[in-house]
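Asker: Using the sequences provided together with the hints, build the complete structure.
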Amino acid sequence: MRKLLKMFLKHPKVHAYLRRTYAAVINDASVKETQIIATDVVEISPIRIRKSNLDKARLNLLVPALSVRHLFGGISTALTLFSELGGNIGNVRIILTDEANFRYEDNLAYRDWQILGLDDEDLPGKTIVSAADRSSRTLAVSENDVFITTAWWTVVLLKGIFSQKRALFGETQMERYVYLIQDYEPGFYPWSSRYALAESTYHDNSNCIAVFNSQILRDFFLQQGYTFRSSYYFDPVLHQGLRKHLGAAKSNVRERKVLVYGRPSVERNAFEMIVMALRIWAIGHPDTLWRFYSAGEKHPRIMLGNEHYLESLGKLTIDEYATELSTSYAGVSLMISPHPSYPPLEMAAFGLRVVTNGYASKDISSLSTNIFSVDWVSPESIAQMLDTVLRQYELDSHGVASTSQWFERYSTLDNPFESITPAIHSELIQ
1 MRKLLKMFLK HPKVHAYLRR TYAAVINDAS VKETQIIATD VVEISPIRIR
51 KSNLDKARLN LLVPALSVRH LFGGISTALT LFSELGGNIG NVRIILTDEA
101 NFRYEDNLAY RDWQILGLDD EDLPGKTIVS AADRSSRTLA VSENDVFITT
151 AWWTVVLLKG IFSQKRALFG ETQMERYVYL IQDYEPGFYP WSSRYALAES
201 TYHDNSNCIA VFNSQILRDF FLQQGYTFRS SYYFDPVLHQ GLRKHLGAAK
251 SNVRERKVLV YGRPSVERNA FEMIVMALRI WAIGHPDTLW RFYSAGEKHP
301 RIMLGNEHYL ESLGKLTIDE YATELSTSYA GVSLMISPHP SYPPLEMAAF
351 GLRVVTNGYA SKDISSLSTN IFSVDWVSPE SIAQMLDTVL RQYELDSHGV
401 ASTSQWFERY STLDNPFESI TPAIHSELIQ
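Per UniProt numbering, the sequence shown starts with residue 1, numbered consecutively.
Worth flagging that the hints you see were computed from the coordinates, not collected in a lab.
Predicted model, so just to flag it, every value in this text is computed and none were measured.
Don't take every hint at face value.
Stated by the list, open to error - Listed below are the simulated DSBU-like cross-link pairs for lysine-lysine, each with C-alpha atoms no more than 35 Å apart in a straight line:
#1 K56 - K165
#2 K159 - K56
#3 K165 - K126
#4 K315 - K257
#5 K126 - K315
#6 K298 - K315
#7 K51 - K126
#8 K56 - K126
#9 K257 - K298
#10 K51 - K159
#11 K51 - K165
#12 K315 - K244
#13 K126 - K244
#14 K244 - K298
#15 K250 - K298
#16 K257 - K244
Answerer: Structure follows, in structure tokens:
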């Protein structure tokens, strides 16, 4: 049988047929592979512009989205800065670079703004324009439009807008803009096109007014050698909704609870690292009464070992979050980036002993004796630091207020932008 099969396969016509079939299959596979290869970066699809009929100054915010479901810390901070800078300007506009079909019910805080399409007539006052579907449409831009950028791709888009503005209005047009920098965004990606594009926005910035989310982040950028026309920073402040709970929290006897900032979908929060650390800790403590809860993002219950589990609370309301902060003894919250991160600061303000990490020059343990920062991040280092913290429970089961000057300001200051907005405004709106 084998001899017959060999003879059959060696026949010239059969052999030629098989070669043609193989070549066709390979070619078809190559075509299909080519069809699914990414050849562009969709976020930076250009926004084409046309001349606006408006002539008065207008402040524009380039932001990915505005719906409440997208309003995590970064976008909320951008909207607050925009509001502060635009408070005395009659014409303000929010340009949504990613979100399509925004409606009033998506964010009722903007129900008195006018929602326009790209092709609609440009109007004065308070307007919202979605530029998500922009392939065949144009954005109305006047000579006196000035801009605040947020995510890295909004800077790439703005530089394209500036290039077109020069063609429309001449080379003398001022191109100063605000870049709200809230993290080192190249770190959101592996070494790649997006990494390089994000990093490129920190160069060629002679017209850029950089505004950093914290002095710690600003110092990191300066240490990396980045330069801007000017730079400002604001330090975070405690959420107003949490402040009203601070007084009661100080007198609470704390339960044997560890509160974890758990967001599995956000790589820089290192959720896997936290779970591995908790499992190491659980192996060595079979008979303890400690309970572990995860807040931030809903996920399944996770077995840690020795009848310990990490229970998911999901995304909490402010009042629910305050309850957990007021009753838990310790916290674990990681941020693999130079940004200080809000959860460790909130936990420390409420008296929790917080295990977190440093990064480059970042060491937020210097801000409070409630913060315990590991020098390098590993499951073992986190587990060891957590064990050190939990062993202190018997000595003092009450929350310990953070009493440093930094935390006094963090817990009482209402507006983190008030000291920098006048100077930024004078640079941007001339």
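Asker: Would you mind marking each hint as holding or not holding in the structure?
Answerer: Each hint, compared with the structure:
Distance check on the hinted pair: K56 and K165 sit about 16 Å apart at the alpha-carbon level, within 35 Å; holds. Annotation: proposed proximity of K159 to K56 holds, straight-line Cα distance about 22 Å (limit 35 Å). For a cut-off of 35 Å, the pair hint linking K165 to K126 stands: about 22 Å separates their Cα positions. Between K315 and K257, the direct Cα distance comes to roughly 18 Å. Compliance with the 35 Å bound is thereby established for this hinted pair.
The suggested pairing of K126 with K315 holds, with an alpha-carbon distance near 32 Å, which does not exceed 35 Å. With a CA separation close to 7 Å, the supplied pair K298 and K315 stays within the 35 Å bound. For the suggested pair K51 and K126, the alpha carbons sit about 19 Å apart, so the restraint of at most 35 Å is met. Between the alpha carbons of K56 and K126 the distance comes to roughly 13 Å, so the proposed pair stays at or under 35 Å and holds.
Taken as a hint, the K257 and K298 pair is honoured in the structure, with Cα atoms around 18 Å apart against an allowance of 35 Å. With a CA separation close to 17 Å, the supplied pair K51 and K159 stays within the 35 Å bound. For the proposed pair K51 and K165, the alpha carbon gap of about 9 Å is at most 35 Å, so the pair holds. Between K315 and K244 the CA atoms are separated by roughly 20 Å; this keeps the pair inside 35 Å, and the hint holds.
The suggested pairing of K126 with K244 holds, with an alpha-carbon distance near 33 Å, which does not exceed 35 Å. At roughly 26 Å between alpha-carbon atoms, K244 and K298 fall within 35 Å of each other, so this suggested pair holds. Using a Cα cut-off of 35 Å, the hinted pair K250 and K298 holds, with the two alpha carbons roughly 28 Å apart. Between K257 and K244 the alpha-carbon distance is near 22 Å, which keeps this suggested pair within the 35 Å criterion.
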